[in-house]
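Chemist: If you want the building blocks of each chain, they are given just below.
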Amino acid sequence: MKIIKTIYNFIVGDMVILIGIALTVLVLALINNVGALGPLRGLSGPVLIVGVLASLVATLSREAFSPDR
Amino acid sequence: MQWVVATAAFFASAVEFVEAFTIVLVVGVTVNWRSALLGALAAAATLALLVATLGTALVQWVPLDVLRTVIGTLLLLFGLKWLKNAIMRYAGLKAIHDEQAVYEETRAELRARGSADASSPRFDLFGFLLSYKSVLLEGLEVAFIVITFGVSAATSAASRSSGIASAALGALAAGLLVILVGALVRVPLSKVPENTLKFVVGILLTTFGTFWLAEGFNYEWPLSDAFLLILVAIYLAAAFLLIAWLKRTKKQQREQAAENQSAPATVQKQEVNP
Numbered sequence: 001m002k003i004i005k006t007i008y009n010f011i012v013g014d015m016v017i018l019i020g021i022a023l024t025v026l027v028l029a030l031i032n033n034v035g036a037l038g039p040l041r042g043l044s045g046p047v048l049i050v051g052v053l054a055s056l057v058a059t060l061s062r063e064a065f066s067p068d069r
Numbered sequence: 001m002q003w004v005v006a007t008a009a010f011f012a013s014a015v016e017f018v019e020a021f022t023i024v025l026v027v028g029v030t031v032n033w034r035s036a037l038l039g040a041l042a043a044a045a046t047l048a049l050l051v052a053t054l055g056t057a058l059v060q061w062v063p064l065d066v067l068r069t070v071i072g073t074l075l076l077l078f079g080l081k082w083l084k085n086a087i088m089r090y091a092g093l094k095a096i097h098d099e100q101a102v103y104e105e106t107r108a109e110l111r112a113r114g115s116a117d118a119s120s121p122r123f124d125l126f127g128f129l130l131s132y133k134s135v136l137l138e139g140l141e142v143a144f145i146v147i148t149f150g151v152s153a154a155t156s157a158a159s160r161s162s163g164i165a166s167a168a169l170g171a172l173a174a175g176l177l178v179i180l181v182g183a184l185v186r187v188p189l190s191k192v193p194e195n196t197l198k199f200v201v202g203i204l205l206t207t208f209g210t211f212w213l214a215e216g217f218n219y220e221w222p223l224s225d226a227f228l229l230i231l232v233a234i235y236l237a238a239a240f241l242l243i244a245w246l247k248r249t250k251k252q253q254r255e256q257a258a259e260n261q262s263a264p265a266t267v268q269k270q271e272v273n274p
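Chains as they are written, first to last, in my numbering: chain A, 1 to 69; chain B, 1 to 274.
Read the hints as simulated data drawn from the structure, not as lab findings.
Some clues are possibly wrong.
As the list claims (entries may be wrong) - Interface residues of chain B toward chain A, partial, derived using beta-carbon atoms under 10 Å:
no., residue
1, L140
2, G216
3, Y235
4, T249
From the three backbone atoms N, C-alpha and C, an ideal C-beta is built for every residue, glycine too.
Hey, can you work out the whole structure from these sequences and the hints?
Modeler: As structure tokens, then:
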């Protein structure tokens, strides 16, 4: 458990960023592997950029409006 | 030589080496230089071994698309962490990293331990381990960046090896520069604009992470590699907007807190003098 926590802290250390990027990758995987979502493949780049920016805004909002601050 | 890769690795490594140098300097000044330098050299050797073995294994065994997807994701996680911290520091939500303060704090700790005999040439295990640990921990991030940048910025196994070599050369140049400047001035390198470097590296890692992750899903960016510049512009604009927004939010929170503090005082006054 300690090793997993150390690796997590080394690579990201922020749950909001981790969840945001994981969700974005999941959406990209669905777009690229589900036939019905095929027409959206051309939007993979913009979807990724929006996902990255949304993750950044979400984690910074959490920091800015944290009751501890 | 892949200059983009070497430059990115140079900047990222410079920040980490400055942080590691501070601890090595404290150990050198407070314990002794022999233990400090031996610790730093042992850590550098460990890191070189790590890059050589892990880098070679990745180049030989993992297909490029898989590598780009995994490494793009890791770079995004890593880059967003750096970018978030740099934005928070610019907005005043987090203290700027102060090498002078780290130096004084570690020096006081070492003195409290009672091992402050810098004139003794004897090997000191504690000093060695402290130096080794700090260089290894800071250097791991450098090794990570060297491997990921080197491996992803290429299209064939041969150019992947050259990518790792370019990234390693960038990191080596940064290390030598920090050691040279440090040896000349013999004080913590507090004048290095660490937050600016971290901000730039955060933008670069996020940009390359986005680019490679999408390519891992076989997405073709418009304008090909030139779209990297557009990505940099998008993330820079977003970062500056976020800094401005956070600064304004912080100011509003401070004003509200001041109002809340003064409001009970007014009520109390009214109760005393109805």
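Chemist: For every hint, state whether the structure bears it out.
Modeler: Hints, verified against the model:
1. L140: holds (7 Å)
2. G216: holds (9 Å)
3. Y235: holds (8 Å)
4. T249: With Cβ-Cβ at 5 Å, under 10 Å, it holds.
When each numbered hint is compared with the structure, no violation occurs for any of them.
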